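Residues per chain, in single letters:
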Amino acid sequence: MDRISKNKKGKMSNESFINISMFVVLLVAFALASIFIPRYFSVPIVLNLLANNWYIIILGIGVTFLLITGHFDMSVGGVIAMSGAITAYLCQTQQEGFSELATGLGMSYGLSVALALLACMAIGAINAFFIAKLKVASIIVTLGTMSVARGIAKVITKGAQRSAGLPDEFGVIGNVSLIGPIKIAVVIAFVLVLIALFIEKKTVFGRKTYYIGANRAAAWLSGIKVGRHITTLYLLSSLLAGITGILLASESRAAVSMRGEGFEFSALVVTLLGGTSVDGGYRGGRPDPRRRRFGGHQHAVAA
Amino acid sequence: MKDNVLEIKNLVKDFPGVRAVNDVSFNIKKNTVHCLVGENGAGKSTLIKILTGAFTRTSGKILLDGKEDVAKNPKDANEKGISTLFQELNVVDQLTVEENLTLGIEDTKLGFLLKTGKIRKISEVLKNIDPSINPKERVGRLSVAQKQIIEIAKAVASDADIIIMDEPTAALTESEIERLFKIIKKLREQNVTVIYISHRLDEIFELGDYVTVMRDGRHIDTKPLSEVKDRMELIKMMIGKTVMESYVPCESICEDVLLDVRKVSNHKLKDVSFNVRKGEIVGFYGLVGAGKTELARAIFGADKYSGSIEFNGAMLGNAPDKTIDAGIAFVPEERRTQGLFTLLTIKQNISAMNMEKVSRGGVINSAREKDVAREYIEKLDIKTDTMDKETALLSGGNQQKVVFSKCLFADASLLILDEPTRGIDVGAKAEIYQIIRDLAKEGKSIIFFSSELPEILNSCDRIFLLYEGELRAEMINGECIDSQEIIHICTGGVC
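Protein chains in written order, with my numbering: chain H, 1 to 303; chain X, 1 to 495.
Pulled out of the complex, with its shape left as it was, chain X reads as follows (with noise of 0.2 Å):
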């Protein structure tokens, strides 16, 4: 067992409502690329940042070299010999290269810096890895690929016995890929063990040794790669058996197209065209970074594009205030930074959208607000002994559901809903599933933007495939739908 760089047994991590890592045991071999593949939410975030002491478990252990030796915080990570290459890059852009290498480890001398061994060896390292880069330039002026390899030699600097990179390539382009994968190999020659998380599985075929997969916040196996078959078997083990057991074909579909998008680009969207009826619930499903986010707030008038969306018969205007009058509402993906006042009242959130209805002449009825208030808790059933209560005393599933009031309320005739039950526990996604299909029954449109396959298919009538902002495929749920041609296809598979 001396071999095993990582030992994780019966690991458990509990949040309010959500248990996200489920009796987790796994062992990680000595200088080897283990892979980490698994769904939005399976858990995967939460166990690195486990690992790196950003959370802390709430039961199971871990051995790091056969000792029980946890990292209490991220700074202690570093010192046992754990450095993490997070998405975001953490970089000091105003900084030069040099600057970034040393940055919170300084060699100081009665609080000035002092530029001796430390740079010079972390220099080295940077050299050896990527000769390319000149170590007095500005950080701020290099690509996003050339910041990630500043970060990894940082990471290689502080003698880090085991480098974890979460999604590294998400930013890079084919070349700079190719680079970085030559620099992992050599890593692993060096006697670093790389954890890699990735969603593109042809990376994973090319760089790991083993894989390990994970379904919702459970270890489903872990196994060499040469002992994986194909793709599709990789696909069958993260996915399991999901099927769409509670679709019920919707009857109340018209044929009246309400919004007809045509060939709209822009910085992440690739010719993107498609249409949706009266009463219909469209999905959009993709992996982090397909552009669901981007096609939302173009939909919107939030993010500019170019091309032609038409609504209602009329083009649609290119700004939020624009759309909501001609009959848009949007559910935003981030509920505390873009779709609630968290600050406000409940009463005050659910107004937000549609002032004009509880005024007269520019003067709020506050009696009239009230109402409304009280509907809307009543309607979606928001758990509250108040409407006065500030909503960032709410748990997330309410919060939600007062975003939702707050879009209700603005007689929108069709909702665009981002990722609507990101962050929020089972029984609340439960009852946000079923506003959904009430909405739709009352003749409502909805455009579903999720990355949780199974809440697309129990709730869409028709489905689409994004990927790197391309529609890859359209589906009409209910007709032969298999869930591993989807995460084939969304994985950047071909059809």
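Next comes chain H alone, as it looks inside the complex (with noise of 0.2 Å):
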């Protein structure tokens, strides 16, 4: 009722007023740390801070729609190391003589790649499964496919890296450089945010998100194919995360066993900074990929 009085007051509503607060909380944070970090405020620092933390927005896309379902996809750190390591393993060269780590099966990098996001969409379909089809809780579920695709990544990198006898091709999309430090990572992270944006206000698809998490049992009584909505965002988060750890590995031209540890927690809290709600749905507010941009920065900031 309160917010309802106030709205028509001409008041902020709910949503204006976490938009702008999360902008505040970012500029105080920035300045706070430019104060007592010494050479923090200084362009390459600002510039790095916007390039950088482009992973932890894709994961952001698909964690976020899940969460506002109310489900959680813990997984999405080991998926990362494992669609670098399987690109790697298939894409490396087939050499007599070689070491084994630097020996894979030869294949061309665009076969490789997408090899590579199909094993990593089998992830998905392995946590739907379990989600949708067998009403386990999504935080188990996820933790238990983190420790699988985590676990075939260090099988395929040895518990090490797999960095010699990589096509060239392997390091150009991670690198291609735009302006200055940003490169063409940024770009796709932020075209991927606007199609999410899209998605999530206009489509029929993410209205059907909406009402799976404001209201599960109403949402099936309404006819809409809950099970098989909740499977299609599993894939398209773990397609996700298989696309982040391409971008990583090719960045550092090297599929490493370590890589993305941890992301799964900073995807989260990045969304949570965004404003969904733990419980699936919202409250107090629509959680916003803008939100979660500025998210984004701050644990940035904070980190």
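Hints in this document: simulated from the structure, not taken from any laboratory. The structure presented is a predicted model; accordingly, all values stated were derived computationally and were not measured. It is possible that some hints are incorrect.
Claimed, not checked - Lysine-lysine pairs mimicking DSS-like chemistry, simulated, CA-CA at most 27 Å apart: (1) H:K202 - X:K229; (2) H:K133 - X:K304; (3) X:K30 - X:K121; (4) X:K268 - H:K135; (5) X:K185 - H:K133; (6) X:K49 - X:K127; (7) X:K441 - X:K389; (8) X:K223 - X:K182; (9) X:K75 - X:K185; (10) H:K202 - X:K389; (11) X:K389 - H:K201; (12) H:K201 - X:K370; (13) X:K30 - H:K202; (14) X:K121 - H:K201; (15) H:K225 - X:K268; (16) X:K127 - X:K186; (17) X:K49 - X:K80; (18) X:K29 - X:K229; (19) X:K109 - X:K67; (20) H:K225 - X:K186; (21) X:K379 - X:K389; (22) X:K67 - X:K136; (23) H:K133 - X:K322; (24) X:K29 - X:K67; (25) X:K80 - X:K229; (26) H:K225 - X:K370; (27) X:K263 - X:K29; (28) H:K135 - X:K304; (29) H:K202 - X:K29; (30) H:K135 - X:K322; (31) X:K223 - X:K49; (32) X:K304 - X:K268; (33) H:K225 - X:K304; (34) X:K49 - H:K225; (35) X:K127 - X:K67.
Stated by the list, open to error - Covered stretches of chain H, as calculated for chain X (at least 3 residues, CB under 8 Å): (36) 198-205; (37) 220-226.
To be verified - Negatives, chain H to chain X, calculated, CB over 12 Å: (38) E100; (39) I212; (40) N215.
Note that CB positions come from ideal geometry on N, CA and C, so glycine has one too.
Two chains, each in its own frame: build the complex with the hints.
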């Protein structure tokens, strides 16, 4: 009631209040860091902040959609490592005499990426099967598949990394530079956020996500195929994590077994700072990718 | 007057728009089994909740042992000697019998549990009531009846003077009921007063010393059961002079069968068969637990069933998305938890069941969505200042109209309504009845499930009576309908 009456008086709505306060927190955190950390306030660092959070932002998209429906995805960090490792292994040259970590299957880079992304979506499918079909708690299932994916990455990289014998294309996509330190991945993240924003606000798919989050039983009784929708979201989240993994591996021209460790928590923090409620749906405001961006920056500033 | 353990004087309880308990006065004598009967919505539960402190009364007096000493909250009621057995059991399945018995009243020292006197005392009580229950057993492994006995033991051990039982036999089998009755009779000998609420009239006659009848929030009569002649007399008191004053036979029913339900059974239903014609309003009446909701959900495909349902000449799929596609919409019993997206706006709720109609290629056409919302807000007269209001902020009646709008927008030719007027005020109820009648005039068919006989009698063309998951009778409205006969059948009597 409170909120309605405020709206009537032309005061600020909850949504814009949250948006503005998020921005203020970001500015304050940045100001504090600038004052207390020597050389924090400098052009390279600011550019760096803008440039180097793209992976959290991409992950945050999938995690946000899931969180709106009340589900977690903790497997994204492991999937990042797995997608990099599989891509590297598939496209490494097939030559006798090289060390084992430098020898792969010699496929083309494009095919390797496609197969790696398929493998990532298989992890998403496992998540969906246990969560949507068998109704196991999502945090338990995805913590499990987090280890599965990480384990696969470790086996492929023998707990170390694959960086020798990679084709030249491997290091391209993660290193195309636009302005200074801002790379193509930042643009990809930006475009994905725009697409996510569009899906969330303007499409039937986005709306169904909200219906499920707001009231799963009512959504089902309204004819929404809840299980299928959640499955799609898990596949999407794993796919985005897979893309992130390929970009990160490309950036450093190496598939590292411990890549992306802890990223699932960063993605979750960013999503929560973005205003998505853990209960599914939202309370007190709509989750908004713009805020998620602020969240990403806040998180980075804090770090 | 000293033998009255409880005296209720001019008790009134108002809810927004409804007077649930209206000037009720009666006394309950010590060491008796006092039965409370009345239709759903007669005010029994509200009365009980006031006695146990869960609700505060609007006005009136309650005297406990001659003193005005009203329970402020359920815990306070317990301390004053009033224990309640609710329909839903309050036991923790993961704990043992012993742990459950002392739940909330544990002896502790420095935060550690002590296994001392209290446990022994309560276990002793339990042994007296039912020696077959092992105190070390996990409660999850016990039957519903045994769980109930644990609750009774807890009530007795807390030295309750009054034990209130709300439909205690709803989940029990015949032999378990017999055992419960023995326990209740034993309690009476041990100076306990039992207030017993049940829809099963036979139980009342077997058990009760006194009976109080309530109707529409009013107290009708309190008398010794020995002075009640038979079930019929009791039923007459319960329903009063309910007649179908406003039923107008509908001319638009055609002979085409739209829905044909054949031998549908599941965990609750037993071989239910009936059909619904185009433009017809078919009513299902039965008391709580008769299987109304289960039948509604089975037809809609929300619950599994065996048997077959044909709709428009084709077999009906068993999932809500399929039945909606076929042309059926469902207004569920629990509006807030099953019908409405309370966090979303009126506009977003109305389009939920038929997103295809407000979108193209998966993209929502917001202008179209707004038009639809405006249309239904006007058509069903939803009282709001904006279509962007969260539905949580609407009154019950307006919320229900939003749910109706959602179903109507789904272009259904058959509407299943499960208790569509529950918890909404009289004015909104009348509007809902009008909507239902208008829909039938438009040629839509309606299945109307309700536990309020008057609304069934004034809306439906054909009435089916449910008891314990079985169809017991079919009646054509307008032809010598006898509401006493209906209640007789729905409380387990034979035709």
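- Hint by hint, work out which the structure violates, then give me just those numbers in ascending order. Of the numbered hints, 1, 5, 6, 7, 13, 14, 19, 20, 22, 25, 27, 29, 34, 35, 39, 40 do not hold.
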